[in-house]
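4 protein chains.
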Amino acid sequence: MFHRPVLQVFRQFARCQSTDSLSAILERSMNKVQLLGRVGQDPVMRQADGKNPVTIFSLATNELWRSGENEVFQPAGDVNQKTTWHRVSVFRPGLRDVAYQHVKKGARLLVEGKIDYGEYTDKNNVRRQATTIIADNIIFLTDLRDKP
Amino acid sequence: MFHRPVLQVFRQFARCQSTDSLSAILERSMNKVQLLGRVGQDPVMRQADGKNPVTIFSLATNELWRSGENEVFQPAGDVNQKTTWHRVSVFRPGLRDVAYQHVKKGARLLVEGKIDYGEYTDKNNVRRQATTIIADNIIFLTDLRDKP
Amino acid sequence: MFHRPVLQVFRQFARCQSTDSLSAILERSMNKVQLLGRVGQDPVMRQADGKNPVTIFSLATNELWRSGENEVFQPAGDVNQKTTWHRVSVFRPGLRDVAYQHVKKGARLLVEGKIDYGEYTDKNNVRRQATTIIADNIIFLTDLRDKP
Amino acid sequence: MFHRPVLQVFRQFARCQSTDSLSAILERSMNKVQLLGRVGQDPVMRQADGKNPVTIFSLATNELWRSGENEVFQPAGDVNQKTTWHRVSVFRPGLRDVAYQHVKKGARLLVEGKIDYGEYTDKNNVRRQATTIIADNIIFLTDLRDKP
Numbered sequence: 001m002f003h004r005p006v007l008q009v010f011r012q013f014a015r016c017q018s019t020d021s022l023s024a025i026l027e028r029s030m031n032k033v034q035l036l037g038r039v040g041q042d043p044v045m046r047q048a049d050g051k052n053p054v055t056i057f058s059l060a061t062n063e064l065w066r067s068g069e070n071e072v073f074q075p076a077g078d079v080n081q082k083t084t085w086h087r088v089s090v091f092r093p094g095l096r097d098v099a100y101q102h103v104k105k106g107a108r109l110l111v112e113g114k115i116d117y118g119e120y121t122d123k124n125n126v127r128r129q130a131t132t133i134i135a136d137n138i139i140f141l142t143d144l145r146d147k148p
Numbered sequence: 001m002f003h004r005p006v007l008q009v010f011r012q013f014a015r016c017q018s019t020d021s022l023s024a025i026l027e028r029s030m031n032k033v034q035l036l037g038r039v040g041q042d043p044v045m046r047q048a049d050g051k052n053p054v055t056i057f058s059l060a061t062n063e064l065w066r067s068g069e070n071e072v073f074q075p076a077g078d079v080n081q082k083t084t085w086h087r088v089s090v091f092r093p094g095l096r097d098v099a100y101q102h103v104k105k106g107a108r109l110l111v112e113g114k115i116d117y118g119e120y121t122d123k124n125n126v127r128r129q130a131t132t133i134i135a136d137n138i139i140f141l142t143d144l145r146d147k148p
Numbered sequence: 001m002f003h004r005p006v007l008q009v010f011r012q013f014a015r016c017q018s019t020d021s022l023s024a025i026l027e028r029s030m031n032k033v034q035l036l037g038r039v040g041q042d043p044v045m046r047q048a049d050g051k052n053p054v055t056i057f058s059l060a061t062n063e064l065w066r067s068g069e070n071e072v073f074q075p076a077g078d079v080n081q082k083t084t085w086h087r088v089s090v091f092r093p094g095l096r097d098v099a100y101q102h103v104k105k106g107a108r109l110l111v112e113g114k115i116d117y118g119e120y121t122d123k124n125n126v127r128r129q130a131t132t133i134i135a136d137n138i139i140f141l142t143d144l145r146d147k148p
Numbered sequence: 001m002f003h004r005p006v007l008q009v010f011r012q013f014a015r016c017q018s019t020d021s022l023s024a025i026l027e028r029s030m031n032k033v034q035l036l037g038r039v040g041q042d043p044v045m046r047q048a049d050g051k052n053p054v055t056i057f058s059l060a061t062n063e064l065w066r067s068g069e070n071e072v073f074q075p076a077g078d079v080n081q082k083t084t085w086h087r088v089s090v091f092r093p094g095l096r097d098v099a100y101q102h103v104k105k106g107a108r109l110l111v112e113g114k115i116d117y118g119e120y121t122d123k124n125n126v127r128r129q130a131t132t133i134i135a136d137n138i139i140f141l142t143d144l145r146d147k148p
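If you're matching them up, the sequences are chains A, B, C and D in order. When we follow full-length UniProt numbering, the leftmost residue of the first sequence carries the number 1, and every step to the right adds one. When we follow full-length UniProt numbering, the leftmost residue of the second sequence carries the number 1, and every step to the right adds one. When we follow full-length UniProt numbering, the leftmost residue of the third sequence carries the number 1, and every step to the right adds one. When we follow full-length UniProt numbering, the leftmost residue of the fourth sequence carries the number 1, and every step to the right adds one.
Hints should not be assumed to be uniformly reliable.
Since the list gives no way to pick one copy over another, a pair counts as held whenever it fits inside one copy or between any two copies.
DMTMM-like, lysine to aspartate or glutamate: derived pairs with alpha carbons at most 25 Å apart [claimed, not checked]:
hint	residue 1	residue 2
1	K32	E63
2	K51	E63
3	K51	E27
4	K32	D136
5	K114	D136
6	K114	D78
7	K104	E27
Think of the hints as simulated: they come from the structure by calculation, not from any bench.
Let the sequences and hints guide you as you build the complete structure.
Laid out in structure tokens, this is it:
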């Protein structure tokens with residue numbers, strides 16, 4: 001949003017402001033996601049020894065609706081269902097390790113975070129989009145002692 | 001989540017249930033997004049005469065944080081900023097037309113909806129991911145009479 | 001927000017607008033609550049035969065924090081916990097009956113709705129505030145077959 | 001939720017756990033509020049010199065719906081509106097001062113926080129409920145330079 005020279009001036013000004021007062025002066029945004037669903041696979045940890053280790057797992061959310069529901073509700077209409085698979089990444093120190101140890105395949109979770117549209121180059125050298133949900137909060141809904 | 005034969009039995013059962021009672025019996029999920037940001041371009045409408053017309057626009061959200069903030073807050077650290085561009089699609093009848101008429105480049109909006117990871121084949125015949133936020137609620141934060 | 005004469009003019013104008021276009025023209029608000037917690041008692045239904053029957057139950061949410069956590073995180077600090085009891089009311093047809101039949105003492109629920117600060121006169125003829133969460137969505141997190 | 005002796009044992013155990021691992025082991029709740037509305041009066045600060053200073057202001061949210069909307073949508077029905085006044089309290093250091101300096105009567109804000117059902121004794125010695133929203137995030141939607 002800011003161009004380079006403006007960023008320099010802005011950084012000078014911002015250094016002597018608390019984050020809260022900055023947040024009153026600057027226009028703020030919101031990028032929030034809430035997913036409640038089932039874990040697809042046991043998580044993996046990438047770059048475990050690197051600067052930015054990350055725990056990654058997949059989460060499925062399921063949608064049910066009746067055909068024709070969008071216009072006027074027809075209780076007798078057929079029920080449709082769609083499963084959406086999300087890629088969840090946990091970078092936050094502490095939470096990343098808890099996720100790696102306690103998130104299990106089949107567990108039911110509430111995940112809160114933000115969307116990030118990363119990019120990578122696949123083995124055929126093609127640039128690809130890799131959307132992920134960067135989690136900053138995980139609430140376990142399955143009792144950790146139960147085998148999901 | 002359900003395999004074909006189970007789906008048939010389930011549909012039989014579901015037809016004679018209200019959506020609310022279904023929602024108590026079946027395990028439900030949540031796939032929620034909230035974005036508060038600035039519109040990138042005036043919206044376009046696709047398949048305007050087709051079965052499923054959709055209004056599409058881009059929305060930017062901006063993030064500010066201090067270097068080193070993730071560990072322990074250092075009020076004097078440098079301020080960093082990152083802009084994320086989201087693709088918003090509006091299928092819902094009524095809202096789709098309001099979005100097409102009233103959403104303008106530069107306007108500040110709160111958009112609520114869900115994430116959908118669609119796919120398409122590009123001109124080089126490569127399968128690509130096209131993540132979009134399917135909006136079901138838009139709150140205008142810029143006064144429609146102001147030129148954003 | 002609108003005074004009586006303005007309301008008359010506004011109602012005239014509003015009658016020929018779809019709700020969506022009204023929502024673009026008029027300034028909109030948001031009053032959203034999300035509670036995830038445990039049910040205190042089996043629900044009761046009030047005014048079952050009246051014009052506006054309502055299912056009511058209590059829900060407890062629990063908060064954990066470390067003393068001194070608000071300033072700088074001291075991992076070794078004592079852990080404090082506080083329980084907050086919420087009064088949940090379900091007016092919405094369909095959902096009201098599902099809540100009455102399926103919500104049980106001890107069950108874990110996610111409740112979404114809005115806050116309402118009602119008032120009533122108690123037996124000593126004193127006007128009292130009775131805050132309630134008017135629910136429009138309930139997600140069951142305890143398996144209905146399990147005895148919570 | 002925990003009785004005194006259990007609390008002692010729990011505190012012993014909790015001291016040597018990080019907050020994140022505690023949050024995986026213990027059952028967690030959620031108590032979230034989002035309000036988007038207009039400020040009623042310039043804020044006041046209470047106990048400014050005391051241990052727990054707090055900035056307090058009122059926020060109005062407005063609701064529009066069509067009579068008969070809850071059953072089946074009748075576009076021609078009369079439009080009804082209801083204003084709800086919320087009491088917002090800001091204890092969090094930093095945010096409390098920003099709120100006191102920058103929140104003005106008539107400003108449009110997005111407030112995020114949790115519900116707290118406090119109690120107090122009024123001048124007639126009657127115990128009264130005083131529900132408040134304890135804010136942990138405020139997004140200014142009116143440009144601070146504009147006179148709301």
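Structure-based check of each hint:
1. K32 to E63: both (20 Å within a copy, 12 Å between copies)
2. K51 to E63: For K51 and E63, the Cα distance is within 25 Å only across copies (22 Å; inside one copy 38 Å).
3. K51 to E27: neither (31 Å within a copy, 32 Å between copies)
4. K32 to D136: Answer is both; intra-copy 10 Å and inter-copy 15 Å each pass.
5. K114 to D136: both (8 Å within a copy, 18 Å between copies)
6. K114 to D78: between (34 Å within a copy, 22 Å between copies)
7. K104 to E27: Between copies only: 16 Å across, 40 Å inside.
Violated hints amount to a single one, hint 3; each of the other numbered hints is respected by the structure.
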